[in-house]
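A.B. asks: What follows is each chain in one-letter form.
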Amino acid sequence: MRLPAESRETLLARADATLIFAQPRGLRTEEVAARATKLARMASAMLARAGLGDSLHHAVIEGAAETTYLRADGETVLTLSFSGDAKGATALAHLERVWVNCHSELARQAAPNRVA
Amino acid sequence: MAQTGNTVSSTIDAQPALGRDFRSLLGELVTLNHITGGLIVAPDGLLIAARLPGEIAPEPLSALAAILGRELELRDPRLRRGTFSIARFASGTGTAFLGSTPVGYIVLLGDASADWDTIRSALRAAVGTVHRAWAG
Chain A
1 MRLPAESRET
11 LLARADATLI
21 FAQPRGLRTE
31 EVAARATKLA
41 RMASAMLARA
51 GLGDSLHHAV
61 IEGAAETTYL
71 RADGETVLTL
81 SFSGDAKGAT
91 ALAHLERVWV
101 NCHSELARQA
111 APNRVA
Chain B
1001 MAQTGNTVSS
1011 TIDAQPALGR
1021 DFRSLLGELV
1031 TLNHITGGLI
1041 VAPDGLLIAA
1051 RLPGEIAPEP
1061 LSALAAILGR
1071 ELELRDPRLR
1081 RGTFSIARFA
1091 SGTGTAFLGS
1101 TPVGYIVLLG
1111 DASADWDTIR
1121 SALRAAVGTV
1131 HRAWAG
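Chains as they are written, first to last, in my numbering: chain A, 1 to 116; chain B, 1001 to 1136.
FYI, nobody ran anything at the bench for these hints, they're computed from the structure. For every residue, glycine included, the Cβ atom is placed at its ideal position computed from N, Cα and C. Among the hints, a few may not be true.
Facing chain A, from chain B, some residues (calculated, C-beta under 7 Å) [claimed, not checked]:
hint	residue
1	1047
2	1056
3	1060
4	1071
5	1091
6	1092
7	1113
8	1127
9	1129
With the rest of the complex left out, here is chain B:
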């Protein structure tokens, strides 16, 4: 119940900061050339936002993405030398991109023509936006 003119209503009515509005953030990322969909998932696998082609079930994919993200963050300390920030996984037909943020992982799916430098730059910017909004 927001009350006009006080702090509570201002907070409720305020437009979420870009790094907290995951749907908008994801909506911008999936407009990149050759990106076919994406999702944002918490480290425990909870789906936060998804923009996927209809034939792809979001929940199993979010669960796998979270497992993969956690595995990347738990790599052997000797190899770690800094937590992973961005990763890409390519098959013969497409590529999945994974970015690590304080709230979880951003996953983007692309076809074989997706340009790594373009996607990396956009994903880095998105990761930075979420960091600024959540990491204080």
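One chain only, chain A, in its complex shape:
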């Protein structure tokens, strides 16, 4: 999978926090995946309580030194982290591109199973 060169960390997990892909991958990656999926669930709950729909589409979390972009649906969560000086529009475009590519790859991998 082609990832943006500017991305410090990329992570894809199922909604139940099962890790699908991470770059780089370390000892705490699964814990990070669990936190990302928990965050997506809580954000969806808050949006629902606020009358803004019942599912998170994407999130942007700005810290002092880096910004994390999160894309989600009911089944998967993708996060990409960039340095704080990355342009927001560019990072969001990367997020969407990687999201589409991830789902294409997941569908491709699932296809042989369906045939069998």
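With chain A's structure known, arrange chain B on it following the hints.
C.D. replies: Below, chain B without anything else, positioned relative to chain A:
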């Protein structure tokens, strides 16, 4: 019981500093284009101020916002690289914005047309105001 002319009365009568007058602060933020409401909530979920549409119950929303804010601040230290300052959460129909301050979280609710750069700039200014008033 304020006594005119002494320090106690001066403190009581004084207009609260902008960063301590949460209702005014929130009142200004909710006038931004495409912002439909907002609230300020302490880290424990206690509602400090709210300007929400009538159909939205403030307490459940403040509780969820506080949980979300704390979760953002407790993210894996490896990912942390600086506590979160501002976050936005978008659905298909609207966006919630969250700003972290020393007294808790500022939450703004916007429709799908809310402009991120405008809201972020205003929210950053508000967060900075509260920081200056409370962080010394």
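A.B. asks: Evaluate each hint against the coordinates.
C.D. replies: Verification of the supplied hints:
1. Annotation: interface hint on residue 1047 of chain B violated; nearest CB of chain A at approximately 13 Å, more than 7 Å.
2. Here the hint on residue 1056 of chain B is kept, as its CB sits about 6 Å from the closest CB of chain A, short of 7 Å.
3. Annotation: interface hint on residue 1060 of chain B holds; nearest CB of chain A at approximately 5 Å, less than 7 Å.
4. Hint on residue 1071 of chain B holds. Least Cβ distance to chain A is approximately 6 Å, under the 7 Å limit.
5. Below 7 Å, beta-carbon pairs count as interface contacts, and residue 1091 of chain B has one with chain A at about 3 Å; its hint therefore holds.
6. Taking 7 Å as the C-beta contact cut-off toward chain A, the hint placing residue 1092 of chain B at the interface holds, the least distance being around 5 Å.
7. A least Cβ separation of about 13 Å between residue 1113 of chain B and chain A goes past the 7 Å threshold, and the interface hint is therefore violated.
8. This hint is violated: residue 1127 of chain B has a C-beta 11 Å from the nearest C-beta of chain A, more than the 7 Å allowed.
9. For the restraint placing residue 1129 of chain B at the interface with chain A, the shortest Cβ-Cβ distance is roughly 18 Å, beyond the 7 Å limit, so the hint is violated.
Checked against the numbered hints listed earlier, the structure breaks hints 1, 7, 8, 9; every other hint is satisfied.
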